[in-house]
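Residue numbers (the working numbering), protein chains in the order written: chain Y, -17 to 213; chain P, -17 to 213; chain G, 57 to 354; chain X, 57 to 354.
To be clear, the hints were calculated from the coordinates, so they are not data collected in a lab.
Bear in mind the structure is a predicted one, so any value in this text is a computation, not a measurement.
Ideal placement from N, C-alpha and C gives every residue a C-beta, glycine not left out.
There could be a bad hint or two in this list.
[Stated by the list, open to error] Here are some chain X residues pointing at chain P (derived, C-beta under 7 angstroms): (1) LYS58; (2) THR61; (3) PHE64; (4) GLU258; (5) ILE261; (6) VAL265; (7) GLY266; (8) ALA267; (9) THR268.
[Claimed, not checked] Taking lysine-lysine and the DSS-like style, the derived pairs with C-alpha atoms no more than 30 angstroms apart in a straight line are: (10) LYS58(X) to LYS77(G); (11) LYS75(G) to LYS63(X); (12) LYS75(X) to LYS63(X); (13) LYS94(P) to LYS58(X).
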Amino acid sequence: MIELRNVSKKFANGHVALNNISLNIDNGEFVFLIGSSGAGKSTIIKLLMKEHETDSGKIIVQGKDITKLKRAQIPYLRRSIGVVFQDFRLLPDKTVYENVAFAMEVTEASAKEIRRQVPIVLGMVDLSKKSKQYPHQLSGGEQQRVSIARAMVNGPSILIADEPTGNLDPEMSWEIMKLFNEINLKGTTIIMATHDLNIVNKMKKRVVEVSDGVIVRDEKRGGYFSENQNL
Amino acid sequence: MIELRNVSKKFANGHVALNNISLNIDNGEFVFLIGSSGAGKSTIIKLLMKEHETDSGKIIVQGKDITKLKRAQIPYLRRSIGVVFQDFRLLPDKTVYENVAFAMEVTEASAKEIRRQVPIVLGMVDLSKKSKQYPHQLSGGEQQRVSIARAMVNGPSILIADEPTGNLDPEMSWEIMKLFNEINLKGTTIIMATHDLNIVNKMKKRVVEVSDGVIVRDEKRGGYFSENQNL
Amino acid sequence: MKIRTSKFFIREGIGSLRKNKTMSAASISSVIAALLVIGIFFIIVLNVDYAASNLESQIEMMVYLQDGLSETIIASMGEELKSVSGVKDVQFISKNQALMDLNEKWGDNAYLLEGLEGDNPLPDSFKVTLINPSEAGSVALSVSSISNIERVVYGKEELNKLLKATYILRVGSLAIIAILIFISVFIISNTIKLTVYARRREISIMKYVGATDQFVRGPFIVEGVLLGLIGSIITTILVAIAYYYSSNFIKNQMIGLLSIELMPMKTVVSSLVLLLTVVGILIGIVGSLLSLRKFIRV
Amino acid sequence: MKIRTSKFFIREGIGSLRKNKTMSAASISSVIAALLVIGIFFIIVLNVDYAASNLESQIEMMVYLQDGLSETIIASMGEELKSVSGVKDVQFISKNQALMDLNEKWGDNAYLLEGLEGDNPLPDSFKVTLINPSEAGSVALSVSSISNIERVVYGKEELNKLLKATYILRVGSLAIIAILIFISVFIISNTIKLTVYARRREISIMKYVGATDQFVRGPFIVEGVLLGLIGSIITTILVAIAYYYSSNFIKNQMIGLLSIELMPMKTVVSSLVLLLTVVGILIGIVGSLLSLRKFIRV
Ligand SMILES: Nc1ncnc2c1ncn2[C@@H]1O[C@H](COP(=O)(O)OP(=O)(O)OP(=O)(O)O)[C@@H](O)[C@H]1O
Ligand SMILES: Nc1ncnc2c1ncn2[C@@H]1O[C@H](COP(=O)(O)OP(=O)(O)OP(=O)(O)O)[C@@H](O)[C@H]1O
Ligand SMILES: [Mg+2]
Ligand SMILES: [Mg+2]
Chain Y
-17 MIELRNVSKK
-7 FANGHVALNN
3 ISLNIDNGEF
13 VFLIGSSGAG
23 KSTIIKLLMK
33 EHETDSGKII
43 VQGKDITKLK
53 RAQIPYLRRS
63 IGVVFQDFRL
73 LPDKTVYENV
83 AFAMEVTEAS
93 AKEIRRQVPI
103 VLGMVDLSKK
113 SKQYPHQLSG
123 GEQQRVSIAR
133 AMVNGPSILI
143 ADEPTGNLDP
153 EMSWEIMKLF
163 NEINLKGTTI
173 IMATHDLNIV
183 NKMKKRVVEV
193 SDGVIVRDEK
203 RGGYFSENQN
213 L
Chain P
-17 MIELRNVSKK
-7 FANGHVALNN
3 ISLNIDNGEF
13 VFLIGSSGAG
23 KSTIIKLLMK
33 EHETDSGKII
43 VQGKDITKLK
53 RAQIPYLRRS
63 IGVVFQDFRL
73 LPDKTVYENV
83 AFAMEVTEAS
93 AKEIRRQVPI
103 VLGMVDLSKK
113 SKQYPHQLSG
123 GEQQRVSIAR
133 AMVNGPSILI
143 ADEPTGNLDP
153 EMSWEIMKLF
163 NEINLKGTTI
173 IMATHDLNIV
183 NKMKKRVVEV
193 SDGVIVRDEK
203 RGGYFSENQN
213 L
Chain G
57 MKIRTSKFFI
67 REGIGSLRKN
77 KTMSAASISS
87 VIAALLVIGI
97 FFIIVLNVDY
107 AASNLESQIE
117 MMVYLQDGLS
127 ETIIASMGEE
137 LKSVSGVKDV
147 QFISKNQALM
157 DLNEKWGDNA
167 YLLEGLEGDN
177 PLPDSFKVTL
187 INPSEAGSVA
197 LSVSSISNIE
207 RVVYGKEELN
217 KLLKATYILR
227 VGSLAIIAIL
237 IFISVFIISN
247 TIKLTVYARR
257 REISIMKYVG
267 ATDQFVRGPF
277 IVEGVLLGLI
287 GSIITTILVA
297 IAYYYSSNFI
307 KNQMIGLLSI
317 ELMPMKTVVS
327 SLVLLLTVVG
337 ILIGIVGSLL
347 SLRKFIRV
Chain X
57 MKIRTSKFFI
67 REGIGSLRKN
77 KTMSAASISS
87 VIAALLVIGI
97 FFIIVLNVDY
107 AASNLESQIE
117 MMVYLQDGLS
127 ETIIASMGEE
137 LKSVSGVKDV
147 QFISKNQALM
157 DLNEKWGDNA
167 YLLEGLEGDN
177 PLPDSFKVTL
187 INPSEAGSVA
197 LSVSSISNIE
207 RVVYGKEELN
217 KLLKATYILR
227 VGSLAIIAIL
237 IFISVFIISN
247 TIKLTVYARR
257 REISIMKYVG
267 ATDQFVRGPF
277 IVEGVLLGLI
287 GSIITTILVA
297 IAYYYSSNFI
307 KNQMIGLLSI
317 ELMPMKTVVS
327 SLVLLLTVVG
337 ILIGIVGSLL
347 SLRKFIRV
């Protein structure tokens, strides 16, 4: 279970990115995080994985208040969460295969396990052919899919994806959503920040809308817009 | 006018990204470049601005065959084209304002002109408040908008945008599209690679679809899918 | 830590050296350059010290004997002198020998000695060399208590001057090598800092996907060791070659010039290997770890 | 290029130094360290050369006169000697003076001279110092053609030894400083290469938005100049302070020890400022430009 309790985040430059937000996400839920550009979606995600410190409030992940986590414990938190970063964050000196394998290497997984698991997830995101390429040799969408593969490779109990389909064509986006749906059905909690209104509207999952650092909507089976205000 | 004549591009690793494509774009046209992830859209754009060398074929931009351009002439080609990069390419040590101003500095524009022009384009992309922030202090969508502002600031005769709305919410995406439409009406040629089916479908502009390095469709007023094959 | 992880570190460390060619070349060659400075200076200091010791050991004490002693007495006096603590060697010089030596030494002024041959006023003497020249005073005291000795002379002032000169040489060269080692260490760790800085983004990405500090450090330590090792091996080879040629040059130039000898090649190279390897590897590791600290905290 | 653009370059160059604090600190301090090595060595070489010249100028030529010359003749001989080309100074030493000097010089062995006072066998002489000791041979030849001269003595062998020794010292120290300058230049340009490498992505971005090569280079040149300037100023100050204290130390240690003098502070510092500034700025600029070449070609 993930719980944010009265969480606020003010950046060093004075910008208040989150203003006293509270949110409960049960194990196995599938939550869309939506909201306009700069609303605070990525900030929520970064607090969950301790990329930023929380200013006030509590964040409880799997029973532990991570705002009080010791530095040495952070890597273990991050391993239990698979994250698709909005800016991909691939290691430029590693091939696609090595980038995905790296997420397993840090857990000290066995060589055998790595050799078995990595090709499977690369296949899932349709990158088997690109496994020996370096990130700079990939298209934008291919890089994004490497990031998705890496987030899934350890079979984390929580998967957080920040705008994971921003560089993918509609078909590929649907493939990825199917994948997310599958692992969600197997019990993985999924939190996905997205701007893709088609996806949100068709998936009919829980929708949490952030606006200017506060949660303005939280619907069990919501659409991208609250009351049919279409474009 | 932009003309690609039998253009091919094979990368050093042997991958054929473009296979003998030809394409004519008139001055003042608005063209959507669509196609699945890895189809070759960005490669076309990179050839147009000479980020990569063309293997064979001719690329004529404003009457000149740019495949034969001397190295010293490349900067002038790039200034005449405003590019929104898929990976933003902001200078990390410069503020939002400085990043946009930089594109004017390289043209040796006057200080006065810069001071006048930069705030205007920052206003257009709704970033006036963020002008003093550094890229790492921005959200994904904000970074993308800086890249858009920079591409427009010199009032180029050709604007190329590579997935410029991938990190923007639908409303903001529409604002940007309105902007593009406006400058298109003023005569700017616009080429936009995108995955956003709503935008393509609603704008009803020329659609060029790339698939596996070849152009498979070129419709005057097309939609994202050719014959109503909806998801 | 599993064996597998260590293997991963080694593979990564080597891989990183190979993949970042520009950076590796720049940093290894800076390490070599910095170690070269240490190496050159170390050799100079070794030789200065060696020369100073040589000079010091040439300091000698003259023990002049009373006139008309029998050969047996002289012989037993020689034995007695040898047994004095602090004495390294004793050599008898007869009064005739002394006159001949003087004749030779004075060269142009030797005509002043004409006529002395008949009535040689010079005494018999022992030339005593000392283990440690700075003990000359106490040795002289012990020696003068031996009977039948006329005078003990050891150029107190000359000795003091020499000791002072070698002292300054030693302190000076040690100070300079200390400064140079400091500078070299500083340059190497700065170089490493820059290479780590160039990879700060990668380091943070590793941390973001769940790597522990130790896991990020591992490959850098391996890389540091390799950097130091490669640097010190190449430097040692360079210095050895340079020493070979320049010592030949100096020897040729100095034939019969000064009583200064150069240290043998083997001694020099073996101490160099040790010094440079230790310095190189240590800085490689410590430099990496210190530079990492800032970027690993994400 | 417009004035505005130069201003932009300067603003950017300074800005980049200020914004990349880690990198600027690392590179400036590496530049300082490298220049320090040059500086220290330059001072040592200057002083070695100074000492060598001092030693050489102490070489003197003795011109022994025939017996019983009148004072006027001796005086005119002195004048004649002074006019010989290559002669720096001439000093008359009477036979009495010569005996007294000898007495003093021989010290312990002076008793050998007892009785010589009545019938002094030493001749009157002129002590001649030379402008350039290596010309001793030709000077001696000219001098010996002067009438009333008995013999010209100038320690041919001693002179040769000294000239050879100072030659080795000079060649050796020049060789070492050449190597050190080379090493320092190398280290500085490597350091710059690494800082440029760390910014390769930014350089390519600038090119992609339409900057000319010249436009990208501008700020780097400014940065290179600043790097060199700051580095050389700090180094000069450090070296001046170090020289002040260590020359004091050496002077104190050497009172009455050797006839070696140290160069005056002013001379040292003024030549240093020039050397280091030129070296620093030049490498700063050239290093930047060379390192840029690779990354600017996009
Ligand atoms: N390090 C930072 N320092 C200062 N302000 C920041 C920092 N990071 C983010 N912000 C600001 O906080 C706000 C929220 O940012 P966040 O990245 O959470 O937005 P987002 O909802 O993810 O937007 P997007 O959809 O564009 O990715 C933005 O206005 C951004 O400018
Ligand atoms: N530098 C490179 N070296 C080798 N292959 C490359 C390189 N750049 C791109 N490619 C390959 O060329 C193909 C086309 O890439 P491109 O970036 O043009 O795709 P795209 O249509 O823009 O895709 P996306 O929608 O994902 O951005 C991809 O398969 C990619 O892997
Ligand atoms: Mg975001
Ligand atoms: Mg692309």
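Outcome of the hint check:
no., hint, result
1, LYS58, "holds, 5 angstroms"
2, THR61, "holds, 6 angstroms"
3, PHE64, "holds, 6 angstroms"
4, GLU258, "holds, 6 angstroms"
5, ILE261, "holds, 5 angstroms"
6, VAL265, "holds, 5 angstroms"
7, GLY266, "holds, 4 angstroms"
8, ALA267, "holds, 4 angstroms"
9, THR268, "holds, 5 angstroms"
10, LYS58(X) to LYS77(G), "violated, 38 angstroms"
11, LYS75(G) to LYS63(X), "violated, 38 angstroms"
12, LYS75(X) to LYS63(X), "holds, 18 angstroms"
13, LYS94(P) to LYS58(X), "holds, 14 angstroms"
Consistency note: the structure conflicts with the earlier hints numbered 10, 11.
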